[in-house]
Amino acid sequence: MTMAARNIKTGIAERRLIEEAGAPGFSHAGWFDKARLAALDSFEAAGLPHRRLEDWRYTDLRQILEKRLTKTEETSGRSDAPAGLLDAVDAYVALIGAEGVEGDFSGLPEGAEIVPLGDVLDEGWVRDAMDASVFGDTDAPQAAAIIDLNTALLGGGVAIHIAHGVVLEKPIHLAFSGNGTRHLRSVIVLEEGASACVIESHQAGANAFSDFVSDIRLTRNASLTRIRIQNDDRSAIHLASDRIVLGEGAVLDGFLMTLGAAVSRNQSFVRFTGEGARATVNGVYALRGSQHGDHFCLTDHAVPGCESVTLYKGVLDDASTGIFQGRVLVRPDAQKTDGRQANHALLLSREATMNAKPELEIYADDVQCAHGSTVGELDRDAVFYLRSRGLDEASARQLLISAFLDEVFEAVTHEGVRDILRVIASEWFVQERSRHHE
Amino acid sequence: MLEIKNLHVTVDGKEILKGIDLSIGAGEVHAIMGPNGSGKSTLSYVLAGRDGYEVTQGSILFKGEDLTAKNVEERAAAGIFLALQYPIEVPGVTTMTFLKTAVNAIRVARGEGELDAVRFLKLVREKAKPLNVTDEMLKRALNVGFSGGEKKRAEILQMALLDPALCVLDETDSGLDIDALKVVSDGVNMLRSPGRSMIVITHYQRLLDHIVPDRVHVLSGGRIVKSGDKELALELEKSGYADYAADAA
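Chains as they are written, first to last, in the numbering used here: chain A, 1 to 438; chain B, 1001 to 1249.
Derived from the structure by calculation, the hints contain no laboratory data.
The reader is advised that the hints may include incorrect statements.
[As the list claims (entries may be wrong)] Listed below are the simulated DMTMM-like cross-link pairs for lysine to aspartate or glutamate, each with C-alpha atoms no more than 20 Å apart in a straight line:
1) B/K1139 x A/E407
2) B/K1100 x A/E191
3) B/K1100 x B/D1163
4) B/K1070 x A/D381
5) B/K1070 x A/E393
6) B/K1230 x B/D1021
7) B/K1139 x A/D406
8) B/K1100 x A/E393
Only a predicted model underlies this, so the values are computations on that prediction, with no experimental measurement involved.
Chain B extracted, bound-state conformation:
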C-alpha cells in the first residue's frame, strides 16, 4: 500500500525528516510514536501533500505510484486521508454543504459520478449515527464552535464518507476525554478493513489500547529509531522517550 524509502524532508530550509523507511501493507495499522518535534506531524503533512514540505531525497510510493507527483486534491482522490490534530474552523460553510462538496469532488475524480441529494443524505445519516454526529452538528458551520470531541468525530465522519485507502490520524486522541476517545476509536475500528491501511500518530499509548496496531514505530530526530509490535507501545509508556531522544541527538 505505502512504501517510503530514505525520505528526507525540509521545511523552511530546515531538514525535519532525515531518512525515513516505512512499508505498510494493505489492511495494516501502524502506530508512529515519538517525542515532540520528532517529525511526526511533518510526516503526515508530507503524505497529504501540503505546500512548504519539500522532499529533497527518497521516494513515497502509494499503490505503486509516485505520490510526490500528485497535488493535495489528487492524493485525496487517490485515497489518502489525513485526520488533523487541529481541524480547521471554516465559518460560513455548513458541515453538511462541505461534506456534500467533498464527497462529490472525490467521487467525480474517481469516475463514480455525483450522488443526488437523497442518496447523499442517506449515506451521511448511516455514517453519522455510530459517531454520534447529530443533525444539529451537521447544520453548523464546519468545526466552528465544535468541542474537541465534536471536531474529532467530524473528522472520522469525513473519513468514513470519503472511503480512503490510507488513513493518517495525526494525534487524534489529543483533546479527548475518555468517553470521546472511545467513540472516536470505535469509529476508526469500524473502518478497519483488509483494503484499508492506517497510520496512527500519537504521543500516548492509551489510544493504542483502543486502536490496536499491527506495528509500532518510534520516530525521533527525523528517523525511525525502533520498530516493534504492539508491546513496544507499552514499553514506551513505562520508559518514556528519553533513551531514543538521546540516541538521535
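So here's chain A without its partners, still in its complex pose:
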C-alpha cells in the first residue's frame, strides 16, 4: 500500500500528515495492517478534529495543523532541566524514537520486558491492549479520529510487559525525543498482582509534531505509577491519548506535567472493568507566552465500587491558555462509586485564559461524586504579607505558587520521583523570577 497514492478527500492538513508519514515505519502482514487500513479509512472520512466538535471546541486541531504547514517558526526554547533532573532517577532508561527502542535492560528481573512495539504486534497481550472495543461508546468519535490517525500512520513505539506477580523496584523511564512528525505508541500491560513505575519524558525539538497513544492495561490487583512530563520545545505541537483499563482491585497512580509545546492536548480515557479498582489521574500545567494546553479526562465507571480522583492544577502566565475538560461517567450498575474531579487554575497575567468544563454524568443512585473548578489570581494581600517579612517579590510569588501546586505533587506516591517533580516545577519559577526582575 502506498498511502500517498490513495484518493484523499479530506483537507490540506490531513493530506500533509499522510504524505509526511510515507511508508509505514514497520511492515506487518497480519492483523495490524488491516487495522491500519481501516483506521486510515475512518481518519480520512472524519478528518482532524475541529472546533465544531464539542470536545475540541477550545483546540481546533485542524486549523492548528493547517497553520503549521504554512508557517516556519524559530525554536522557542525550553528548559533542559527536566531531562537533566530525570537522569538522576535510578531507572531502566529506554530511549524511544522513530528508529526504535534503545537501552540496556539486562538488569530487568525475569518477567519484565521492554521491547520495540513492532516486534511484538502478534503477541496476544499487545493485540488485546490495542483493542479499544472495551471502551464501547465512551471512546467518543472525537477522540477516535486522533487514535485512528495514530494507528494509520504508526511509526513505532514501545511495549512493556510485567508478568504475573512481578514487582519492579526501579522505575522504567521512557525518554522520548526527536524532531519532525512522529506517530508513536506505547503498550503497557501489567499482569495480575504486578507492580511498576513508568516515567515518560518528552523533549521534542522545534516545530515538532508528536502524536502519542498509550494503551495501558492493568489486570487484577496490578499497580502502576505513571508519571508523564511533557517538555517539548515551545514551538512544537503535542498530542497524547491514554487509554487505560483497570481490572478488579487494580491501582493507577497517574500524574502528568505539561510545561512545553506551543499547543498540547492530553486525553485520558480511563475505564474500570473490575470492582474495587482505584485510579488517580492528576496533573499540573505551567504555561507562559502564547502556549496552549488542553487537558481532557474521561473516567468511565462501568462497574461498581471503584474510586477515581482527578485533580489538575495550573499556572498560566502571559497570554497562555489552559483548558480542562473532565467528565466522570457513572453507569447504572456502578453503585458505590466514589468519583472526584477538580481543576484549579492560577492566572498570573490579565492576558491569560482558562477554560474549564468539569462534568458529572451519573446514572447510579448510591454514589459519592464531586467536582469543582476555580480560577483565581495570586492573592495580593498574601504577596504583601510575605514581602513585609523580608521575602523579595519573586520569592513571595514562588512560595505562593508552589504552595498552590503542592497538593498535586503531594499525591505522587513515589517519593524519589515526587521530589524531582517539585524541583522541575521550581525550575519553571526560576524563569519566572528572572522575568520579574527584568
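Place chain B on chain A using the hints.
Okay, now just chain B, sitting in the frame of chain A:
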C-alpha cells in the same frame, strides 16, 4: 528612630493622612488611638510600604534614611515590622517553612548569613515557648485554621524572630479574649528594649494596661489632634472620641 514630617497620603486618589508629624525615639513605645476611619491602618501600611498608599507630601525618615525610597522587603530588612490586624492565611506553606524562609531572607539582606537547620530550630523553640506557640502549630499551614489568639501569637513570634528596630502593632488586641491578650502583651513587653521602638495602634485603652506606652497620640481625620502621656488613654476611655472627631470635621 522614626521622624515623620507633614505626611500626606492618598489611597485611590482620596487623601487619608493630611499632615502627620510624629517623632519616636529609640526604645520608646507610642500608642496611636482614634476612631474608625481616622487613618490608623493607613499609617501602618505606609510605614510597611504597601502598594497603593501614595505619599504626596512630607517625609518619613527611619534611622536617618528616607523610608519611602525603599520597597516592602527592603523596609523589612531595615528593621520595620508590621503586625497585622488580620494576619493573612497562606495555605500550603507550613508556618515553620515560612519562618525559616523569612528569617534567612532578612539575615541575608542584613549580611548575617543564613542559619542552618539546627540553629534555626533552636532559635524558634526558644522564641516560641513563652508565646505558647506549639510544635503542632508550627507544622500547620501559616495562619490557616488558627484561632484569633493563635494568629496574633504567630505574629509576635515572627516579630521576635525577625528582630526589628521598629514594631508597628496594628490593632493587635482585636479578636483576643483577656487571657490571649495577656500572652500577646507579655510577648510584646519581652521585646521592649532600648534599641527597639514600637507603635501600638488600638481603639481601646485595655491593651495599654498591658503594654504601657511612653506617649499617646489621638489620630482623627488624618491628623494627630492631641498627644500626651499614658494618662491620655484613660481620659479617652471615659470621654470617647466624639470631641476629637468633631474637631477634625
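Hints and how they fare:
no.	hint	result
1	B/K1139 x A/E407	holds, 16 Å
2	B/K1100 x A/E191	violated, 47 Å
3	B/K1100 x B/D1163	holds, 14 Å
4	B/K1070 x A/D381	holds, 19 Å
5	B/K1070 x A/E393	holds, 13 Å
6	B/K1230 x B/D1021	holds, 19 Å
7	B/K1139 x A/D406	holds, 15 Å
8	B/K1100 x A/E393	holds, 17 Å
Going down the numbered hints, you'll see the structure goes against just number 2.
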